Amino acid sequence: MTDHPAKAPRPQGHPAPTRRGVHDKLNQLAEVHDNGFRPERTLRLRVEFVRQLRRRRTQLTVIVLLALPVIIALAFQVSSSSGSSGAAREGASGGGRSAPALVTLATTGATNFTLFTEFASAGFLLVVIVALFCGDTVASEASWSSLRYLLAIPVPRARLLRQKLTVALSLSFGANLLLPTWAYLIGGAFFGWAPGQSPLGGTFTTGVGLQRLLVVVCYVSAQSLLVAALAFLLSVLTDAPLGAVGGATMLVVVSNILDSITALDPYRQFLPTHFQYSWLDALGQSIVWDDMMRGTGLVLIYSAMFFALAWWRFQEKDILS
Amino acid sequence: MAAAAAALLVAAGVAVAAVVTSGPTIRSTSQFVAGTPEAGATVGLDTTVYFPATTSAPAVLLAHGFGGSKTDLDSEARSLAEHGYVVLAYTARGFGRSGGLIHLDAPSYEVADAGMLISYLATLPQVVKDAPGDPRVGVAGSSYGGGLALLLAANDKRVDAVGADITWNDLSQALFPNAAGGQPGVFKKLWAGELFASASGRKGGACVRFAPQLCAAYQQAASTGEPDASILSLLKASSPAGVLSRITAPTLLTQGEQDSLFPLAQAGANATGIAANSTPVKVIWRSGGHDGGTSTSDLVQYLQGWFDPVLFHRGRADASFDVTVPGSGISAATGRTVSQSLQVDRGYSNGLLQRVGVFGPPQTVYAPAGGSPAAVTSVPGLGGLLSTAATATGSPNLTAIPGQAAMFASQPLPASLLVAGSSTATLRVTAHEATDATLFASIHHVATDGTDTLPAGLVAPIRLTGLTPGEARTVTVTLPGVVRNLPAGDRLVLVVATTDLAYQLPSQPRSYTIAMAGSTVDVATIDGRIIRAGQPWIWLLTGLAAMAILILGALVAAVRRGRRRRRTVLADLSGVPVAMEGLVKEYGDGYRAVNDVSFRVERGQVVGLLGPNGAGKTTTLRVLMGLIRPTSGTVRVFGELVEAGAPVLSRIGAFIEGPGLLPHLSGRENLRLFWAATGQPSQDAEFDTALEIAGLGESVDRRVKTFSHGMRQRLAIAQAMLGLPEVLVLDEPTNGLDPLQIAEMREVLRRYAATGRTVVISSHLLAEVEQTCSHVVVMHNGKLVAAGSVAEIAGAGGVQLVVKNPQQAQEILAAAGVDSQTVPARRSLEDIFIQMVGADE
Chain A
1 MTDHPAKAPR PQGHPAPTRR GVHDKLNQLA EVHDNGFRPE RTLRLRVEFV
51 RQLRRRRTQL TVIVLLALPV IIALAFQVSS SSGSSGAARE GASGGGRSAP
101 ALVTLATTGA TNFTLFTEFA SAGFLLVVIV ALFCGDTVAS EASWSSLRYL
151 LAIPVPRARL LRQKLTVALS LSFGANLLLP TWAYLIGGAF FGWAPGQSPL
201 GGTFTTGVGL QRLLVVVCYV SAQSLLVAAL AFLLSVLTDA PLGAVGGATM
251 LVVVSNILDS ITALDPYRQF LPTHFQYSWL DALGQSIVWD DMMRGTGLVL
301 IYSAMFFALA WWRFQEKDIL S
Chain B
1001 MAAAAAALLV AAGVAVAAVV TSGPTIRSTS QFVAGTPEAG ATVGLDTTVY
1051 FPATTSAPAV LLAHGFGGSK TDLDSEARSL AEHGYVVLAY TARGFGRSGG
1101 LIHLDAPSYE VADAGMLISY LATLPQVVKD APGDPRVGVA GSSYGGGLAL
1151 LLAANDKRVD AVGADITWND LSQALFPNAA GGQPGVFKKL WAGELFASAS
1201 GRKGGACVRF APQLCAAYQQ AASTGEPDAS ILSLLKASSP AGVLSRITAP
1251 TLLTQGEQDS LFPLAQAGAN ATGIAANSTP VKVIWRSGGH DGGTSTSDLV
1301 QYLQGWFDPV LFHRGRADAS FDVTVPGSGI SAATGRTVSQ SLQVDRGYSN
1351 GLLQRVGVFG PPQTVYAPAG GSPAAVTSVP GLGGLLSTAA TATGSPNLTA
1401 IPGQAAMFAS QPLPASLLVA GSSTATLRVT AHEATDATLF ASIHHVATDG
1451 TDTLPAGLVA PIRLTGLTPG EARTVTVTLP GVVRNLPAGD RLVLVVATTD
1501 LAYQLPSQPR SYTIAMAGST VDVATIDGRI IRAGQPWIWL LTGLAAMAIL
1551 ILGALVAAVR RGRRRRRTVL ADLSGVPVAM EGLVKEYGDG YRAVNDVSFR
1601 VERGQVVGLL GPNGAGKTTT LRVLMGLIRP TSGTVRVFGE LVEAGAPVLS
1651 RIGAFIEGPG LLPHLSGREN LRLFWAATGQ PSQDAEFDTA LEIAGLGESV
1701 DRRVKTFSHG MRQRLAIAQA MLGLPEVLVL DEPTNGLDPL QIAEMREVLR
1751 RYAATGRTVV ISSHLLAEVE QTCSHVVVMH NGKLVAAGSV AEIAGAGGVQ
1801 LVVKNPQQAQ EILAAAGVDS QTVPARRSLE DIFIQMVGAD E
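Chains as they are written, first to last, in our numbering: chain A, 1 to 321; chain B, 1001 to 1841.
No lab work stands behind these hints, which were simulated from the structure alone.
In this text the structure is predicted, and so the values were computed from the model without any measurement.
Possibly wrong hints are sitting among the right ones.
Claimed, not checked - 30 Å max Cα-Cα, derived DSBU-like pairs, lysine-lysine:
| id | chain 1 | residue 1 | chain 2 | residue 2 |
| --- | --- | --- | --- | --- |
| 1 | B | Lys1189 | B | Lys1236 |
| 2 | B | Lys1157 | B | Lys1129 |
| 3 | A | Lys317 | B | Lys1705 |
| 4 | B | Lys1783 | A | Lys317 |
| 5 | B | Lys1157 | B | Lys1236 |
Could you put together the complete structure from these sequences and hints?
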């Protein structure tokens, strides 16, 4: 080897001694024996987790998720110390006519701060993050050309998708859990641990408040299954990670735009994101499950369709990347 | 991707446009229709008829509110016409371009006019008739128009359905309300003045288009604040209260929750009166009212829901009692609190009461001289805005002025309480100076943080007469009908005040002592369920079923694939590393990348797949690795059919078309993770051998991102050799390597094959194949041109004698009787290759 390993090695005159060593090793090789290959051991979850967790984008996502509640908390603190307490008073009046009800309550304590953070991020940030985890997973392998080497191991195609999806969904749900948990801690640190207040009036005990938060987080996670399925399908269809992530995000945005056109009734309720915010029904005096049931059902139907398409397509697909 | 996105956007846009503009075009005609003559002159009523796309159809007669005209009804009329009704909107007499004077929905004028309009509808061929001269018609209107609808239904049997919105039951009660019951109460002066002004074209005291006796009676009452007999009889004639029993048409009563002119109780009285006669009635308490905005589309929807079953015989009438509960939900779209509807299936009633204790000592309150300052609760046209503004800006609460209001507060509510309707409370009132009392009772909502709101800005005026100063009188007060959800922990406060800006107040200073008799408020509530159409369970079950089908399908597919694989092993080929039979790969565009290629690779061989760029070498190798599916033909590795994920592929190490490494990991981590992904024990990996073959030195611990092309190439080849597989497939392995490295590679491959393993390489470089390989497969344009050992192909199997002078040799041979001919010398594979490949060109 050369004395500058950073550059391409340039042996001078004679083959490097290490290569001689290879030749000797090869000469001493044993006969081939059964390699004990088991398809069900390929690409185990631990391996795929390492592959994904070591990526810069995973680490960046975690940083964003950790920073967001702090930024929101700081923003609230700055705005409240600059003396405009009008919004908070108005919200407390129970009317909340001119500002989203959750904003005005955000600084009352950990529970409400968490609710507001969920409300602020469920519409876009969490969508993008879930789309990133699930849309990038196969497409990035294709773009690195490593997909064909995984398939040549061979990792059975259905298994590859299953393992990748399991890890991507775990990361997505991890993000869905990390954000509110961290927001709760940050909210508590900044604004105290006062029990949650319903935007519809009334106060929850800490226990009930946590229960409601759990319902909210579960529902938001269930809703993100749709984005996950869509992004995963696109990830299988395209070799460009950006196409899969961006495409899924864009379709969600289009669905949201269509959902805001009331003239589309009664077809709007079949838009995949129509029940995205139905977890707000969990914030009243009693939980109203109707729309959450609808939303979950709708998302399950769409997701099943997208997953089926992804699996079918990947089985048939010629890997040309 | 971008094209697909654009197409999707366009499709979505078109779909939206189609839905939004899909309404049929509505034809309308305007004409004057003769009404009841007045003062010897004919009176023309300004009308517009809207025709739906298909006739004949039932008709709807639409009447406007006080001070308005038919143009106010245009959008409502169009919506109804689009829904299929013939709609007649008209301007009532005394307003707009219609003639005549205002008689306040008097039976002999306005009501008679409407009857004539029904007769006019009967003449239109587009309108369905129940009998000659009797069109099938519903009549609807808001406020003044709603009053007309009820009065018309009572007077004209041809009316088939009624929709009365935010209207009155008894005008004298509406304008002189008295929550203590009995005689006419406190004059609602702001509203009365506002209405009079709106009808008189803002011309102050002039009567303008008011009928003279009505005008005189009003002005008398407004001056004194006391109703006299003449105005009471006029108001009685204009009120449905006395004629409700004559209404037989199914009636829809919608009343606004923000309405200080005609509060909810007015609709309640109408509903009770009509239902007493077994006529179907539906009551809806909607948001808005005279103090709040109203959406036309909501009104149209209510009307259609009620009229369609009666007039079209479409669907079933739903006579449930619907209550809009403000602030009971959060909008998913905006995050703001919104109203939700509660439904009481058994229909309207105001019966359910819940007793809530309120406490406070007897309190003395003062009425200021001249009635000023006065509490501000609602202002006509502004509604409850003022009280909202007060709480929003943090200024003192205007709805109750200290010293003027007695307050009796409840304990924090143990459970949330929905106040819906008119609650009642019993008070003990002692007047100290006068023999009469004017008071205003209301229920306030005090939140846990002390914020005090007056629901809908409504108060109930109390007027007591014939009191003995200093002596208490017990009165039961009907509190204003409101709908408000009080969360648990909040308080309910009964407030009794001496002033309210909207009402006529006594001008002498007064003081009263107010005490609770019984310390309770009977809070009206309802027991309904939130209106949500359909069965939410079905959605959830369908979703779960879809997921179950997906998982089941995946399992079935996996089992079937495994079964098929077990059938595809050929025992007699189990010793042959690679056997291809008639391999064809045609891409979607019809291009045949590989066309009928068959060859075998035996153990210990180093086989070169040779051909120019585009010969189909890489495609062949991709099929070999199960990455692409052949159009026809088979590839077997050790006798097993190759397809995606065939386990036998684990016996092949591959490097195909460039490296595929994870750029964010180091070279070493790449190899370790790749091997970990195979699931085989790490001691089988032979990392050291592989790393030495890669020959990257210390660079192997740098991120692959920073590698040069050659370094990646070598790392990828090392990756292919991990675990020293039985078959090594390398696609153009020497690209990007320098000559020394190529020489090294050549040696490595030769020794590798010497262990009994097999190497397949592809190359477009002849010299390389000739020097490295024992066997060669030549491909061109997807076809197999030649296959065999390098010696066979290069030497065509025979021994050659090379002579220096061919001509001389030929002569010698000819002399010896041997025929001969000259051919170009075949020195190398290169010549063969050029000959074979060149033949096609």
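(message) Are any of the numbered hints broken by this structure? If so, which, sorted upward?
(response) none
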